[in-house]
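**Student:** Protein chains in written order, with the working numbering: chain A, 1 to 205; chain B, 1001 to 1205; chain C, 2001 to 2205.
Hints are computed from structural coordinates only; laboratory data are not their basis.
Careful, some of the hints might be misleading.
Distance windows between CB atoms, simulated [stated by the list, open to error]:
id, chain 1, residue 1, chain 2, residue 2, range
1, C, ASN2010, B, THR1106, 55 to 61 Å
2, C, PHE2069, A, ASP181, 44 to 50 Å
3, A, ASP181, B, THR1041, 43 to 49 Å
4, B, GLY1105, C, PHE2069, 57 to 63 Å
5, A, GLU172, B, ASP1181, 19 to 25 Å
6, B, ASP1181, A, ARG158, 16 to 22 Å
7, C, ASN2146, A, GLU49, 15 to 21 Å
8, A, ARG136, C, ARG2158, 43 to 49 Å
9, C, SER2165, A, HIS52, 39 to 45 Å
10, A, GLY166, B, PRO1130, 33 to 39 Å
11, C, THR2041, B, ARG1063, 50 to 56 Å
Counterexamples of contact, computed for chain A against chain B with all Cβ distances above 12 Å [unchecked claim]:
id, residue
12, ALA11
13, THR17
14, ALA18
15, ASP45
16, GLN56
17, THR102
18, GLN113
19, VAL173
20, GLN182
Just so you know, even glycine gets a beta-carbon here, dropped at the ideal spot from N, CA and C.
Chain by chain, the residues:
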Amino acid sequence: MPFSLTPKDNAFYGLFTASAQNLVEATTVLGEFIHDNRRRTELADRLRELEHVGDQSTHAVFRQLNSSFVTPFDREDIYSLASHLDDVMDFVEAAADLVVLTRLGTLPPEMSQQTALLQRAAETTAEAMPRLRTMRDLPDYWIEVNRIENEADKLYRRLLSRLYSGEFEALEVLRLKEVADQLEEAADAFEKVANVVESIAVKES
Amino acid sequence: MPFSLTPKDNAFYGLFTASAQNLVEATTVLGEFIHDNRRRTELADRLRELEHVGDQSTHAVFRQLNSSFVTPFDREDIYSLASHLDDVMDFVEAAADLVVLTRLGTLPPEMSQQTALLQRAAETTAEAMPRLRTMRDLPDYWIEVNRIENEADKLYRRLLSRLYSGEFEALEVLRLKEVADQLEEAADAFEKVANVVESIAVKES
Amino acid sequence: MPFSLTPKDNAFYGLFTASAQNLVEATTVLGEFIHDNRRRTELADRLRELEHVGDQSTHAVFRQLNSSFVTPFDREDIYSLASHLDDVMDFVEAAADLVVLTRLGTLPPEMSQQTALLQRAAETTAEAMPRLRTMRDLPDYWIEVNRIENEADKLYRRLLSRLYSGEFEALEVLRLKEVADQLEEAADAFEKVANVVESIAVKES
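With the rest of the complex left out, here is chain A (with noise of 0.2 Å):
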């Protein structure tokens, strides 16, 4: 395998760019899949897809990491940071799958209210990647972050109390909450990649 001697490799911030733009693109379709009652087989489909495209990015950072002398940051946090990238997508992916497979109809509005979140993390999440080559302004996104994510606990609980208002049987209550897991693990899932961010950033400090 060919070394790379390049001091500093360039070519994760590149693939982590990379990877939170699929999430981007995923929590989108899969707004659309929480929406449309109809194009579900389609969007999941989709999801499969980008999980596909996902799992490719993962495994080009664990590559570049086999080849690489000197890296921008600890192995064990580049391992990290596409570890959890690649959880998100998983988590999203399961979601859609999971509602098909449970065979959900319309879904409770907390659940588009949940994925509404999920797109604004990816996003926030997609403009700080780049930033990791200089580690500047990288607070504001952890912090954002953190804020999403405190804000899909409450939203995750007022659905739970949903849930077990008595407006469901017991057996819809096991489906649905099936997927609000899932969601709420990709919202936990994208708190631990800005934990990582924040760890890298306390050490480079």
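Chain A is already provided as a structure; the job is to place chains B and C on it using the hints.
**Tutor:** Then chains B and C, alone, in the frame of chain A:
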């Protein structure tokens, strides 16, 4: 940001001790909350306040980490320690919030026992945190927390066995399990705190 | 405590191999347990014994870590490897225990298939552990475990689809999902073991 030049920054010990003492208070309030059906709104509010207090300790650790050239342990370990202590608080607060959100009434006796174990874990942790300064007498602490987590695990399974015994209907099982899972996760997070302390001790030895 | 002066302590390879072989036996017993309705109490006891055996290997690793000046890999990686192997055992034992606790009868065929995949993952892992000594031929191992985990994921979703098909009532779905989730987590923990091995290999390369 002003940088501290003290070779081993002492502020961390105080912040970890404060976080753990906050957990002693939170688990005590949770014990009353579980037990006293009528004061739940008031006690849930109190837990929300304690969560804010905890957040402040956690962020003080992160700020301290940012402004210290030299830290008494690996930066990653300080970060993990603060994060897992924060997680305990989040699970405790979420358990109470879910009782309110899902409109649960009298809770099964196993939940009082789960909370009593959490209180014991909090006290053990609060007593151990100041000992990080000298790294003495720490094995007793992590052995005890591991023992508590083990007991919590058995209790959790006993609770599951009761939940599925036919005593409750499906929706009630779901509601109770939401709460039981948070209590179980709080016990796990105490064990993670102890694991970080053990791994710090391994590196120092 | 006596300190070992061997530059690269060899005991670790044997301990990891022992842990993985213990998982081969545990997943085999679990296969019988899932399949043979009448021997469950006896086989659950056997799994509890195997869990104790596993705990001993895990603690032997931690003790070895305490008494070694120099370790063949980063201490954190040795710690993670031992912990994730231990997690697999815990999930396997918990799956069986939950079948007993929730009084489940005949289990859906997907659970036998989940267990067969776990057995395959255990065998692949047990064959790879001795190769950590030379760091040769390891990619085959982690690629195979990733493939197995992928298959386990698809199987888990197929099982969820069956659980929500209307074939089972809500309380039965809940019971079965408790077990299915443990089996799924066991597959994930095997993947985490493989990820640690991959990241060790990345650093060594």
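**Student:** Is it correct that the beta-carbon of A:THR17 has no partner in chain B closer than or equal to 12 Å?
**Tutor:** Holds: least Cβ distance 25 Å, greater than 12 Å.
**Student:** Per the stated criterion, does the least C-beta distance between A:VAL173 and chain B lie above 12 Å, as a non-interface residue requires?
**Tutor:** violated, 6 Å
**Student:** Is it correct that the beta-carbon of A:ALA11 has no partner in chain B closer than or equal to 12 Å?
**Tutor:** holds, 25 Å
**Student:** Could you check the hint for me, namely that C:ASN2146 and A:GLU49 are 15 to 21 Å apart, CB to CB?
**Tutor:** holds, 20 Å
**Student:** Do B:ASP1181 and A:ARG158 keep their Cβ atoms within the hinted range of 16 to 22 Å?
**Tutor:** With Cβ atoms ~19 Å apart, the hint holds.
**Student:** Between C:THR2041 and B:ARG1063, is the Cβ distance one that fits in 50 to 56 Å?
**Tutor:** Given about 55 Å between the Cβ atoms, the range holds.
**Student:** For A:THR102, is the shortest CB-to-CB distance to chain B above 12 Å, so the non-interface label stands?
**Tutor:** At about 15 Å from chain B, A:THR102 clears the 12 Å cut-off, so the statement holds.
**Student:** A range of 39 to 45 Å was offered for this pair. Does it hold for the Cβ distance of C:SER2165 and A:HIS52?
**Tutor:** violated, 28 Å
**Student:** Could you say whether the range 55 to 61 Å given as a hint is met by the Cβ separation of C:ASN2010 and B:THR1106?
**Tutor:** holds, 58 Å
**Student:** Regarding A:GLU172 and B:ASP1181, is the given constraint of 19 to 25 Å on their beta-carbon distance met?
**Tutor:** Taking Cβ atoms as reference, A:GLU172 and B:ASP1181 lie about 20 Å apart, which means the hint holds.
**Student:** Taking the Cβ atom of A:ASP181 and the Cβ atom of B:THR1041, is their distance within the range 43 to 49 Å?
**Tutor:** Taking Cβ atoms as reference, A:ASP181 and B:THR1041 lie about 27 Å apart, which means the hint is violated.
**Student:** Decide, holds or violated, for the assertion that all CB atoms of chain B are farther than 12 Å from the CB of A:GLN113.
**Tutor:** holds, 17 Å
When held up to the earlier numbered hints, the structure conflicts with 3, 9, 10 and 19 and fits the remainder.
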